[in-house]
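Novice: What follows is each chain in one-letter form.
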Amino acid sequence: MSNLTTDADTAHFDLPSDRGEGHGRSPLRWLLLAAGLAVAVALPWFVYPPIAMDILCWALFAIALDILLGYCGLLSFGHAAFWGGSAYATGLVAVHYGVPFPLAVLAGMLFAMTIAVPIGYLSVRATGIYFAMVTLAFAQMIYFIANQWRDVTGGENGLQAVPKTFFGIEAVETEAFYFYYAALPMILLGMWAAWRIVHSPFGRVLVAIRDNSPRARALGYDVERYKVIAFVLSAGLAGLAGGLFAISHGFVSLQEVNWTTSGKVVLMTVLGGIGTLWGGAVGAGFIVQLEDYMASSGFEGIGIVTGSVFVIVVLLFRRGIWGTVAHLVSSRSTRSAGRRG
Amino acid sequence: MPTQPALRTSGLCKDFRGFRAVDTVDLEVAEGSIHALVGPNGAGKTTLFNLLSGFLGVSAGRIALFGRDITGLQPEQIAHLGVARSFQITSLFENLTPIEHVELALQGMTSEGYSFWRSHRSMHKFRPRAEELVEEVGLTSMAHRPAGLLAYGQKRALEMALVSALDPRVLLLDEPTAGMGMEDIDRTIELVRRIATGRTVVFVDHNMHVVGSLADRVTVLQAGTVLAEGTYDEVRNDERVVTAYLGEADHA
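Line order of the protein sequences matches chains A and B. Numbering-wise (numbering that gives the first Met the number 0), the first sequence opens with residue 0 and increments by one. Numbering-wise (numbering that gives the first Met the number 0), the second sequence opens with residue 0 and increments by one.
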């Protein structure tokens, strides 16, 4: 865990900043975007559709976490609170009001952002490992509430029979393959939002705060307020992902607010590459597929394998999958040495 | 009607676990003046700076900016009231270019940093002014390279561009010439003089050449208290100062 924090703290030495346009290589940028979209559209043809949907949700979740981890240098170890909190809120709205699922997900997302305001406000005063521990503590509180409040959440049995209501279009409501395409626009919108946030004046300030927070304050930036806003935005996108996950499964389990979920998304983000945004999607695809493969082959020790992968990445490929590839590409192009501090 | 001093501290104290780093300092900085703080290492100069800029909370006493009480305000609030500070140890954003630094500083005085829904290209509206400021400190040729790659003197110059981007009424410069060679020092003196026009400047420096050529008033600190105050010549001839500080600095 302490290894992880160090990784987050030093990550900025490895990352390019948020500067984008005007620095060339934009054909490659469009090519990557096209490839990413093609993969997203084609995924359920190659992967069992419910698993494809899992990949999408976890990908957005990991990207949401990266806004905090990669661009604020804050390692949240309690993001299950927002993913799972939204999953419950979405599920409850869908069960009790029978609204079309995008509305239910929107409600879940708003719920996640609402609980993120006080949690973020109380957490951002801490940094490094302390921030991780405070967020973990809050997430555990949410877990215990979900576990104790059986009448509403179903406790250990989970919240059952969450419907995929979608304007009476039966194909979407019953078949995972079609549901995928109904949910895809929401995920893509969430990813676009994450990209927009990171490449905005706000994102520029976040990078400045991450790199040198006293300096940012001396320039007149209210560091804590920026961090709280980033925290709430990240929670909102995590909530969007969690809500869709709940609808997709038709079920919300206690697992969604458990600390293992917080750990899993950190694993995906680090694996894909901190501060790369899209790396999280790669990490999510890798982990979900790996888990699915091992589960279907009857292998019990999933944790041992994902844990080992994690250790290897942290020790040997600190930039993660995306970061390592991006670094190889950029060091091969004319860019001279340097940049690394 | 007497004008308010730009900065006034009364009975200012700062304790660190029983150690009094700043001890009942009464300081008055006249508007438009260049005021130097000197003193041996550990005299409390940087602590005083951190108190004035809000990076440390005061243990006792008050700080007033143009007659307005700013005691206990946060650094960003004090920055918005028109006080800009530089840092003794060069303090930059390694991944950003000088232009991006200055854009960020210019934006810091607005609330546009919150717009997470906009493209960061919207920051280009600060570009013309940023280019001027970068040129003023002689960094045009390095304007688009990450600050991590700048030479030491260039980083110090960028610090100056950042504080002047805030268009402050009061400038706090913590050792603007620290670690510089003679040539850079003279250029920095010129630069400070230029930026100081129409502003109030408080600076710390160990180099007596810098103090002598810039300062209208000099305050000598020792062990957290004010030892002497006056013009450079008055202070230089003060016996207590000679024994406490200048004597030791002369052979340096």
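FYI, nobody ran anything at the bench for these hints, they're computed from the structure. Because the structure is a prediction, the values reported are computed rather than measured. Ideal Cβ positions, reconstructed from N, Cα and C, are used throughout, including at glycine. Mixed in with the good hints there might be a few duds.
If you want the footprint, here are the derived chain B segments under chain A, 3+ residues with CB under 8 Å [to be verified]:
(1) 41–51
(2) 114–124
Every beta carbon over 10 Å from chain B, so not counted as near; a handful from chain A, in silico [as the list claims (entries may be wrong)]:
(3) 156
(4) 157
(5) 202
(6) 204
(7) 215
(8) 304
Label pairs and their calculated CB-CB ranges [to be verified]:
(9) B/151 x A/129: 45 to 55 Å
(10) A/125 x B/130: 51 to 61 Å
(11) A/146 x B/61: 20 to 30 Å
(12) B/144 x A/324: 43 to 53 Å
(13) A/116 x B/79: 22 to 32 Å
(14) A/259 x B/144: 28 to 38 Å
(15) B/151 x A/316: 52 to 62 Å
(16) B/120 x A/330: 35 to 45 Å
(17) A/297 x B/143: 51 to 61 Å
(18) B/16 x A/144: 35 to 45 Å
(19) A/295 x B/73: 21 to 31 Å
(20) A/116 x B/185: 49 to 59 Å
(21) A/258 x B/25: 47 to 57 Å
Novice: Starting from the range 51 to 61 Å, see whether the pair residue 297 of chain A and residue 143 of chain B falls in it by beta-carbon distance.
Specialist: 56 Å, holds
Novice: In this structure, is the beta-carbon distance linking residue 151 of chain B and residue 316 of chain A contained in 52 to 62 Å?
Specialist: 33 Å, violated
Novice: When you look at the beta carbon of residue 204 of chain A, is every beta carbon of chain B farther off than 10 Å?
Specialist: The claim is violated: residue 204 of chain A sits with its nearest Cβ about 4 Å from chain B, within 10 Å.
Novice: Does the claim that residue 156 of chain A lies outside the interface with chain B hold up, using a Cβ gap greater than 10 Å?
Specialist: 39 Å, holds
Novice: Is it true that residue 259 of chain A and residue 144 of chain B lie within 28 to 38 Å of each other by Cβ?
Specialist: Violated - the Cβ-Cβ distance for residue 259 of chain A and residue 144 of chain B, about 44 Å, lies outside 28 to 38 Å.
Novice: Report holds if the minimum CB distance from residue 202 of chain A to chain B is greater than 10 Å, and violated otherwise.
Specialist: 6 Å, violated
Novice: Is it true that the C-beta distance of residue 151 of chain B to residue 129 of chain A lies inside 45 to 55 Å, as the hint says?
Specialist: Hint violated: Cβ distance 34 Å, outside 45 to 55 Å.
Novice: Please verify the coverage claim for the stretch 114–124 of chain B: does it have three or more residues whose C-beta sits within 8 Å of some C-beta in chain A?
Specialist: It holds, with 9 qualifying residues against the three required.
Novice: Go ahead and decide if the range 35 to 45 Å is satisfied by the Cβ distance of residue 16 of chain B to residue 144 of chain A.
Specialist: Between residue 16 of chain B and residue 144 of chain A, where Cβ atoms are some 41 Å apart, the hint holds.
Novice: Beyond 10 Å from chain B, beta-carbon-wise, is residue 157 of chain A?
Specialist: 35 Å, holds
Novice: Holds or violated: 47 to 57 Å for the Cβ distance of residue 258 of chain A and residue 25 of chain B?
Specialist: This hint holds: roughly 55 Å between Cβ atoms.
Novice: Falls inside 43 to 53 Å, the C-beta gap from residue 144 of chain B to residue 324 of chain A?
Specialist: Cβ of residue 144 of chain B to Cβ of residue 324 of chain A: about 24 Å, so the range 43 to 53 Å is violated.
When each numbered hint is compared with the structure, violations occur for hints 1, 5, 6, 7, 9, 10, 11, 12, 14, 15, 16, 19.
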